Amino acid sequence: MDAVAAHRIHFAFTASYHYLFPQLTIGLGLLIVILKTVALRTGDAHYDDAARFWGRIFAITFAMGVATGIPLEFQFGTNWSRFSRAAGGVIGQTLALEGVYAFFLESSFLGLFLYGEARLGRRGHWLAAVLLFLGSWLSGYFIIATNAWMQYPVGHVRGASGQFELQSLAALLLNPWALPQYAHTMSAAVVTGCFVMASIGAYYLIVDEHAAYGRTFVRLGVVVGLAATWLQIFPTGDAQGRMVALHQPVTLAAMEGLFQSEEGAPLAILGQPDVPNRRLDNPLLVPRALSFLTYRRWTARVEGLDAFPEDAWPDNIALLYYCYHIMVGLGTIFVAITSLAAWQLWRGALFRSRPMLWVLMLSLPFPFIANTAGWATAELGRQPWVIYGLMRTAEGSSPLVSAGNALFTLLGFAGLYALLTILALFLVSREIVHGPGPDQAADPVG
Amino acid sequence: MTTMTTGDLWFCLLAFMGIMYVILDGFDLGAGAVHLLVARSDAERRLVLRSIGPVWDGNEVWLIAAGGTLFFAFPALYAASFSGFYLPLMIVLWLLMLRGIAIEFRNHLDSPAWTPAWDVVFSASSLLLALFYGVALGNVVRGVPLTGEGWFFEPLWTDLRVAPEPGIFDWYTVSVGLTALAALVLHGALWLHCKTEGALQARARHIADRAWWSTFGLTVLITIFTWIVQPQLSVNAAAHPWGFVFPLAAATGLFGVRRQLARGAETSSFLASCAYLAGMLASAAFSVHPFVLPTIGDASNALTVDSAAAPRAGLEIALVWWLPGIVLAVVYALYVYRRFRGKVRLEAGWVPSA
Numbered sequence: 001m002d003a004v005a006a007h008r009i010h011f012a013f014t015a016s017y018h019y020l021f022p023q024l025t026i027g028l029g030l031l032i033v034i035l036k037t038v039a040l041r042t043g044d045a046h047y048d049d050a051a052r053f054w055g056r057i058f059a060i061t062f063a064m065g066v067a068t069g070i071p072l073e074f075q076f077g078t079n080w081s082r083f084s085r086a087a088g089g090v091i092g093q094t095l096a097l098e099g100v101y102a103f104f105l106e107s108s109f110l111g112l113f114l115y116g117e118a119r120l121g122r123r124g125h126w127l128a129a130v131l132l133f134l135g136s137w138l139s140g141y142f143i144i145a146t147n148a149w150m151q152y153p154v155g156h157v158r159g160a161s162g163q164f165e166l167q168s169l170a171a172l173l174l175n176p177w178a179l180p181q182y183a184h185t186m187s188a189a190v191v192t193g194c195f196v197m198a199s200i201g202a203y204y205l206i207v208d209e210h211a212a213y214g215r216t217f218v219r220l221g222v223v224v225g226l227a228a229t230w231l232q233i234f235p236t237g238d239a240q241g242r243m244v245a246l247h248q249p250v251t252l253a254a255m256e257g258l259f260q261s262e263e264g265a266p267l268a269i270l271g272q273p274d275v276p277n278r279r280l281d282n283p284l285l286v287p288r289a290l291s292f293l294t295y296r297r298w299t300a301r302v303e304g305l306d307a308f309p310e311d312a313w314p315d316n317i318a319l320l321y322y323c324y325h326i327m328v329g330l331g332t333i334f335v336a337i338t339s340l341a342a343w344q345l346w347r348g349a350l351f352r353s354r355p356m357l358w359v360l361m362l363s364l365p366f367p368f369i370a371n372t373a374g375w376a377t378a379e380l381g382r383q384p385w386v387i388y389g390l391m392r393t394a395e396g397s398s399p400l401v402s403a404g405n406a407l408f409t410l411l412g413f414a415g416l417y418a419l420l421t422i423l424a425l426f427l428v429s430r431e432i433v434h435g436p437g438p439d440q441a442a443d444p445v446g
Numbered sequence: 447m448t449t450m451t452t453g454d455l456w457f458c459l460l461a462f463m464g465i466m467y468v469i470l471d472g473f474d475l476g477a478g479a480v481h482l483l484v485a486r487s488d489a490e491r492r493l494v495l496r497s498i499g500p501v502w503d504g505n506e507v508w509l510i511a512a513g514g515t516l517f518f519a520f521p522a523l524y525a526a527s528f529s530g531f532y533l534p535l536m537i538v539l540w541l542l543m544l545r546g547i548a549i550e551f552r553n554h555l556d557s558p559a560w561t562p563a564w565d566v567v568f569s570a571s572s573l574l575l576a577l578f579y580g581v582a583l584g585n586v587v588r589g590v591p592l593t594g595e596g597w598f599f600e601p602l603w604t605d606l607r608v609a610p611e612p613g614i615f616d617w618y619t620v621s622v623g624l625t626a627l628a629a630l631v632l633h634g635a636l637w638l639h640c641k642t643e644g645a646l647q648a649r650a651r652h653i654a655d656r657a658w659w660s661t662f663g664l665t666v667l668i669t670i671f672t673w674i675v676q677p678q679l680s681v682n683a684a685a686h687p688w689g690f691v692f693p694l695a696a697a698t699g700l701f702g703v704r705r706q707l708a709r710g711a712e713t714s715s716f717l718a719s720c721a722y723l724a725g726m727l728a729s730a731a732f733s734v735h736p737f738v739l740p741t742i743g744d745a746s747n748a749l750t751v752d753s754a755a756a757p758r759a760g761l762e763i764a765l766v767w768w769l770p771g772i773v774l775a776v777v778y779a780l781y782v783y784r785r786f787r788g789k790v791r792l793e794a795g796w797v798p799s800a
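Residue numbers (the working numbering), protein chains in the order written: chain A, 1 to 446; chain B, 447 to 800.
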């Protein structure tokens, strides 16, 4: 294995695994605030109990997110030292902003949220939940701003030594790429939170335990999930796709499996890219749809891969194509599930509809897959660049860290993460089996 | 330091963040290192964890925030040191992860087949982290074999000698590591002395007494070693005699711990330990400046404040958001520590499991 490949797998593995947890805390953070708000306004302890139950799952997830997030702050330097030295003056700022503005906030108020319900009173505890939610959403923004700069670099000048120098913090933070990407990523996290909540609620209804809570969870998950799944497609997904079309047209061609430029280009729903032969095998196409989605004209010309030199192509077209299609395919199915469930809820039939409850219960893993595939699309789509158009990924790795050393630590992370997965699933499933209820007031640590 | 550049200012701010990290996370690392020794029963171990439970994560954020600040203020230093210290840094990350998980997961399940295992993980990872941090500091003070391109890669160990091909572990860095361990054991025991009562507090005090002598002896030793290993120290001491204020602060702090502990003053002895740690770290920063990463071998390859700093425009932009952000962080911390002040106790209804 060459060293760059080892470093790429290292980063892909640790970052993908890490993001399984923040997407849930970002989504649950919002849902917990809703539960606490309802509790505060109605004075109904049922919603406090519900919030406390999700707070316990939030705590396990948050601990996993913190533990697996620490390596990411350091991995730019350890495995990507040439990239870090060149770009640290720019993206170091957004990462440090995250530490200073988001992590201090989150870590301070997580303790108060988890251990302080009795000390803070109802309003104080509600405020702790809001600040926790704010911290996690702020954290997300700084990470998106960092990634957006790598996708669409703005706000810098290049020094004599090739170093990137920050010119404008406002330009960096208000990067036009960042706004749709942030909206798309956050609503995707809300989809995860909603599906997890609805899934566990559906489980309680199916086994007929904690049924009152089950109904609350399903209702909240489906209603908020309905909004979030639609927002995923329009306007956030659409806006993000148009950004790619505008600034990374070769990426768009690879994502869509469009080898030849066409007027009135079709949208590939299914099919396997055969890159050496420049074609899509077994294609299922919607005529002219890609032209319309991209340019709002059925006959617009869309550039295929043939319009670009091969050294500008993403280096793993097949995987990029699949990740993108998995994301879009699952996103579409999510819309169908939440729309149907919301319609049944409206008619008062959802809690009696066994098939729909089963669908909701079994849907739990899929938003995690969709989110992971979405990030893989963004990152594979940026290739072969680490800073789009300016610095190639192969030029960014640490020159003296060998493939052997990178592989050693990759295996170390894999082993550690396998252990942590088992433990976290074990603890979360215990919480689920135990269930919510007024007897859950004991604090989890100490 | 006749004229202070923006780079020098960020050097000082980073040193401040490092000191905050060591003082704050230092006490929970130290408490972890002595966890198995100081707390005998499950109830006592719960108390140790409860004393750090609401604050340890916030303390650790100082490390993350310092990492981010290092990244944008001194990109060349961040890139060279993190890739050069690749293996020990990864081991530190694994230890940090295990430790965080141990603290957060231990009390989710009340079973003799669960909690003792996490107590061992928590204690061992805390102890090893304290040691590794000291070794890392020793490496930076001693210098690393930087190439002309600004890179190096250190194996974990070679022949345990300081030069010419050093490893992460050599006699000097290990002596700094042991000093860090002794100092944080002292610091953590003093924290527990503040936060607990009865037999647990008495044991914490006993450990603090023992650790004080180890810290004292090792501090004297590494001070002598550092004069030998890092020639820049004598250069700086001769050029800027005011710098003696830092070792003086450390010494005052260390003897202050002894005096306040003898009087039984809980808070003052802990604060004196904070002064000792701050003085020691400031002394280390003072001894290497203007280098940020000294070198073994060709001195012209060393990274200095000027050669490692990011361009000035970005550093000035960062001051505008960094200062208010850190003030906010300190305000949060003061609020949380106030909320959870006083001795820790178990809930009235809590009963030990069979």
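If you are wondering where the hints come from, they were derived from the structure by calculation, not from laboratory data.
Each hint should be verified, as a subset may be incorrect.
According to the in silico footprint, chain B covers these stretches of chain A (three or more CB under 8 Å from chain B) [unchecked claim]:
no.	segment
1	36-48
2	103-111
3	176-182
4	236-247
5	263-271
6	390-401
Only some residues are given here: those of chain B computed to face chain A with a beta carbon under 10 Å [to be verified]:
no.	residue
7	G499
8	V507
9	Y524
10	L535
11	L544
12	G594
13	W603
14	L606
15	I670
16	W673
17	I674
18	F692
19	F701
20	A711
21	F786
Some chain B residues judged to face chain A by a derived CB distance under 8 Å, without partners named [stated by the list, open to error]:
no.	residue
22	L541
23	M543
24	W597
25	A759
Note that the structure is predicted; figures quoted are calculated from it, not measured.
We treat Cβ as the ideally placed atom computed from N, Cα and C, and that holds for glycine.
Hint by hint, here is what the structure shows:
1. 36-48: Answer violated; 0 residues pass the 8 Å Cβ test.
2. 103-111: holds (count 8)
3. 176-182: Violated, because only 0 residues of the segment 176-182 of chain A bring their Cβ atoms closer than 8 Å to Cβ atoms of chain B.
4. 236-247: violated (count 0)
5. 263-271: violated (count 0)
6. 390-401: It holds: at least three residues are needed, and the segment 390-401 of chain A offers 4 whose Cβ sits within less than 8 Å of chain B.
7. G499: 4 Å, holds
8. V507: 4 Å, holds
9. Y524: 5 Å, holds
10. L535: 6 Å, holds
11. L544: Holds. Min distance 7 Å.
12. G594: 12 Å, violated
13. W603: Violated: closest Cβ of chain A sits about 15 Å from W603 (chain B), beyond 10 Å.
14. L606: 21 Å, violated
15. I670: At about 33 Å, which exceeds the 10 Å cut-off, the nearest Cβ of chain A leaves the hint on I670 (chain B) violated.
16. W673: 31 Å, violated
17. I674: 28 Å, violated
18. F692: 26 Å, violated
19. F701: For F701 (chain B), the interface hint is violated, since the closest Cβ of chain A sits about 33 Å away, which is over 10 Å.
20. A711: Constraint on A711 (chain B) not satisfied, violated at 26 Å.
21. F786: This interface hint holds because 8 Å falls under the 10 Å limit.
22. L541: 10 Å, violated
23. M543: Hint on M543 (chain B): holds, closest Cβ of chain A at ~4 Å, below 8 Å.
24. W597: 5 Å, holds
25. A759: Holds, about 6 Å.
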